[in-house]
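J.: Just so you know, the sequences run in chain order A and B.
For the first sequence, my numbering puts the final residue at 335, and the numbers step up evenly by one.
For the second sequence, my numbering puts the final residue at 335, and the numbers step up evenly by one.
It is worth saying that the hints were derived from the structure and are not from the lab.
Certain hints may be false.
Since the list gives no way to pick out one identical chain from another, each pair is judged satisfied if it fits inside one copy or across any two copies.
[Unchecked claim] When the alpha-carbon atoms are kept at most 25 angstroms apart in a straight line, the in silico DSS-like pairs for lysine-lysine are as follows:
id	residue 1	residue 2
1	Lys138	Lys73
2	Lys277	Lys202
3	Lys18	Lys73
4	Lys62	Lys202
5	Lys287	Lys277
6	Lys253	Lys287
7	Lys256	Lys202
8	Lys236	Lys202
9	Lys18	Lys253
10	Lys277	Lys138
11	Lys253	Lys92
12	Lys62	Lys256
13	Lys138	Lys92
14	Lys250	Lys236
15	Lys18	Lys277
Given the structure is predicted, the values throughout are model-derived calculations rather than measurements.
2 protein chains.
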Amino acid sequence: MLDFGNELLLPTSYGGAKILREAIADYLADSKQLSVSPDQIVVGAGTEYLYGMLIRLLGYNKVYGVEDPGYHKIRRVYHSSHVICRSIRLDKDGVPPQELEAANIDILHFSPSHHFPTGMVTPVSRRLQLLDYVTQQKGRYIIEDDYDSEFRFVGKPIPPMQSLDSQGKVIYMNTFSKTLAPSIRISYIVLPPELATEYQEKLGFYSCTVPSFEQYTLARFINQGYLERHIYRMRKHYREIRNLCLDSLKNSKLQKYISVSEEDAGLHFLLRIHTQKSDAEICSQLKRAGIRVSALSEYYATPPEEPTHTLVINYSGADEKSIHTALERLERIFL
Amino acid sequence: MLDFGNELLLPTSYGGAKILREAIADYLADSKQLSVSPDQIVVGAGTEYLYGMLIRLLGYNKVYGVEDPGYHKIRRVYHSSHVICRSIRLDKDGVPPQELEAANIDILHFSPSHHFPTGMVTPVSRRLQLLDYVTQQKGRYIIEDDYDSEFRFVGKPIPPMQSLDSQGKVIYMNTFSKTLAPSIRISYIVLPPELATEYQEKLGFYSCTVPSFEQYTLARFINQGYLERHIYRMRKHYREIRNLCLDSLKNSKLQKYISVSEEDAGLHFLLRIHTQKSDAEICSQLKRAGIRVSALSEYYATPPEEPTHTLVINYSGADEKSIHTALERLERIFL
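Kindly generate the complete structure, drawing on both the sequences and the hints.
T.: Okay, structure coming up:
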C-alpha cells in the first residue's frame with residue numbers, strides 16, 4: 001500500500017500526477033512497445049480537451065488535416081477552435097501524402113492503427129511516406145489518435161506510429177474512456193521530447209484537469225495489473241460477441257445479399273448490403289424497424305459519389321438475444 | 001439514498017449531470033440570491049477549461065479585457081488561446097468604463113465581488129456603468145469570475161452582478177476548487193438564456209470534462225447540506241486566522257510602520273510597509289528570511305509608476321506558530 005497523505009487534496013502539475021505518468025509509461029512499454037519518459041506524457045480530462053491543448057501548442061495558424069470519412073467530432077473540435085481544418089479523402093491505404101501536399105496540411109490528425117469507421121489499418125509503407133511528409137518541413141506534425149487499438153482480435157498488435165519516428169514528429173494520444181468507461185474522463189498525449197519542453201514553457205501554467213483522486217486511483221489500477229486484466233477480459237468478451245454476430249450473419253438467409261469487412265479490430269465492422277436502395281432509404285427503414293445503425297456515408301465530410309450501401313455495425317452493447325432480433329428484422333426488410 | 005445505477009458509468013451531457021446542475025442552481029438561489037435554471041449551467045473541469053470554452057462561444061475575434069493588477073494566469077489563458085487580451089488599469093472603484101471604450105473591449109473578464117489581489121469590491125454605481133457599457137453593443141459581454149466570494153467576513157454578502165442583469169449580458173462563473181479542495185476540478189458557468197441556447201448549438205457536441213462519479217458525489221454533498229456546513233466552518237476557521245494575523249500585527253512593534261487594507265473578504269489582505277526600500281528589495285529580504293510573499297506590484301501587467309510598498313499576505317495556510325515566527329522575522333527586517 002502506498003500512502004498518498006495530503007496529495008489527494010493538492011492539485012497535480014499541468015501534466016498530471018507523476019505516479020500516473022510513470023504507470024502509463026510502463027503500460028505503453030509493456031503493451032505497445034513504446035518507450036517513452038513520463039515527462040513526455042500530459043494527462044487531461046478527455047481527448048477533446050487535449051485536442052484543444054494541442055492546438056495551443058502547435059499553433060492557431062496551422063492547417064489541420066483529418067480523415068474523410070472520419071469522426072465528425074474531431075472536425076467540429078477544430079472548427080470550434082477557430083483553426084483551418086481540411087478533410088482528406090482516404091484511398092485504400094489510408095491518408096494519401098499527395099493529398100496532404102495539395103491541401104497544404106501542417107498537422108495530420110489520424111488513427112493509423114484502426115481507422116473509424118472503416119477499420120482500415122495504415123500499412124507500414126504508407127506510414128513511412130507520411131512520416132517523410134511531416135519531416136520535410138519544420139512545424140509539420142502527426143497526431144496519432146490511437147483511441148481503440150486495444151481491441152484487436154486477429155494477428156499481432158500493431159505498434160504505434162510513434163515507434164517509427166526518430167525525428168520527434170509524432171504525437172501519440174490515447175484514452176481510458178474506451179478501455180474503462182466513458183464516464184472516466186482521462187486521456188493522455190505522449191509528446192516528442194522537444195515538444196514536451198515547449199509544452200512546459202508555453203502551457204505549463206495550466207492546471208491538470210483531472211481530479212487527483214482519479215489520477216491516483218488509476219495509477220494504482222494500472223500498477224497492480226488490473227488494467228491489463230480488464231483489457232484481456234474485455235477483448236475476450238468482445239471477441240465472443242463479434243464471432244456471434246459474424247456467425248449469425250453467415251448462417252442467415254441474408255448471407256448472399258451481404259458482405260462483411262474490417263472485422264478484425266475495434267468494436268464495429270462494416271456490413272455491405274447488395275441492394276439498389278439509397279443509404280438514406282436503408283437507414284430510415286432500419287430505424288422504423290427499431291434498429292439504430294448509421295451508414296458509412298454519414299461519416300463523410302463531402303458525400304461520396306456513389307452510395308456506399310454500407311452500414312457501420314457497432315456491436316459493443318449487443319448480446320445473443322439482441323443479435324437474433326436484429327437479424328430477423330434485417331431479413332424482413334431485405335429479403 | 002438515491003440509486004444511480006449505471007449512470008456512474010455513462011458520460012453526462014456537455015453541461016454536466018442534471019442532478020448536479022439542479023443542486024448548483026439551488027445553492028445559488030439560497031446563498032447568492034441568484035435565480036437561474038439548471039439549463040443555464042455548464043459544469044467543467046476547472047475555470048481555465050471553461051475560459052477556453054467561453055472563447056469558443058463568444059468568439060476568437062473578440063477583444064478580451066482583464067484587470068490590471070490581476071491574476072496573470074487569466075491573461076495567459078487568453079494569450080495562449082490566441083485572442084486579443086488587453087489589461088485595464090483599475091481606478092479606486094474597479095474597472096473604469098471609459099478605459100474599456102478606449103481599449104475597444106468586447107468581453108470584460110473581472111471579479112466585481114472580490115478583486116484579486118487588491119480585495120476591492122466594485123460598488124453598485126460602477127456595476128451599473130459597466131452593464132451599460134456592455135449593453136450598448138451586440139456581442140459585448142461580462143464574465144463575472146466569482147472565485148472566492150464565499151469568504152466574506154464583514155457586512156452582508158454581495159449579490160453577484162448577474163442578478164442586476166436583465167439583458168442577458170453577464171456570464172457568472174465560480175469554482176469548487178476554492179471552497180472544497182484544489183484537487184477537485186469542478187467549476188461552472190451560468191449563461192444568460194440566449195447564450196445557453198447558443199452554447200448547446202455550437203458546443204453541445206463536447207463531452208463534459210468532469211467524471212460522472214465526481215459529479216454525482218458533489219451533487220449529493222450539496223443536496224445533503226454538507227457544502228453549506230463546510231463553507232460555514234471554513235469561514236469561521238479563516239476568520240479566526242485572519243483575526244489572529246491582524247491582532248498580532250496591531251500589537252507588534254511594526255504597528256507604526258505598516259497599514260493593513262482589504263481584509264474583509266477573501267483569504268488574503270494587503271500589508272503596506274512605510275519604507276524607502278523598493279518592492280523587489282523587500283521581497284528578496286523576506287525570501288532570505290524564509291517568508292514567501294509577493295508584492296502587489298508583481299500582479300501588474302504594466303508596472304505601476306511608483307513602488308507600491310505593499311505585500312499580498314495570503315493567510316489560508318497559516319496558524320498561530322507560523323504567524324508568530326513570520327512576525328519576528330518581519331520585525332528583524334524592518335525595525
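J.: Between the shortest in-copy and the shortest cross-copy C-alpha distance, which are at most 25 angstroms for Lys138 and Lys92: within, between, both, or neither?
T.: Close neither inside one copy (28 angstroms) nor across copies (49 angstroms); limit 25 angstroms.
J.: Measure nothing new, just compare the shortest in-copy and cross-copy C-alpha distances for Lys277 and Lys138 to 25 angstroms and report within, between, both or neither.
T.: neither (48 angstroms within a copy, 49 angstroms between copies)
J.: First find the shortest C-alpha distance between Lys18 and Lys277 inside one copy, then the shortest across copies, and answer within, between, both or neither for a cut-off of 25 angstroms.
T.: neither (55 angstroms within a copy, 41 angstroms between copies)
J.: Which holds for Lys253 with Lys92 at a C-alpha limit of 25 angstroms: within a copy, between copies, both or neither?
T.: Neither, since 30 angstroms and 82 angstroms both go past 25 angstroms.
J.: Which holds for Lys253 with Lys287 at a C-alpha limit of 25 angstroms: within a copy, between copies, both or neither?
T.: Result: close within a single copy only, 21 angstroms intra versus 82 angstroms inter.
J.: Can you tell me if Lys62 and Lys256 fall within 25 angstroms by alpha carbon in one copy, between copies, both or neither?
T.: So Lys62 and Lys256 fail the 25 angstroms test inside a copy (48 angstroms) and across (59 angstroms) alike.
J.: How do Lys236 and Lys202 come out at 25 angstroms by Cα distance, when the copy is not named: within, between, both, or neither?
T.: Close neither inside one copy (43 angstroms) nor across copies (39 angstroms); limit 25 angstroms.
J.: Classify it for me, Lys277 with Lys202: is the Cα-Cα distance of at most 25 angstroms met within a copy, between copies, both or neither?
T.: Result: close neither inside a copy nor across copies, 53 angstroms intra and 33 angstroms inter.
J.: Check Lys256 against Lys202 for me: Cα-Cα at most 25 angstroms, and say if that holds within a copy, between copies, both or neither.
T.: neither (58 angstroms within a copy, 44 angstroms between copies)
J.: Give the relationship of Lys138 and Lys73 under a CA distance limit of 25 angstroms: within one copy only, between copies only, both, or neither.
T.: So Lys138 and Lys73 fail the 25 angstroms test inside a copy (28 angstroms) and across (30 angstroms) alike.
J.: Pop the pair Lys287 and Lys277 into one bin, within, between, both or neither, using alpha-carbon distances up to 25 angstroms.
T.: For Lys287 and Lys277, the Cα distance is within 25 angstroms only inside one copy (15 angstroms; across copies 77 angstroms).
J.: Cα distance capped at 25 angstroms. Does Lys62 pair with Lys202 within a copy, between copies, both, or neither?
T.: both (17 angstroms within a copy, 22 angstroms between copies)
Comparing the model with each earlier hint shows violations of hints 1, 2, 7, 8, 9, 10, 11, 12, 13, 15; every other hint is respected.
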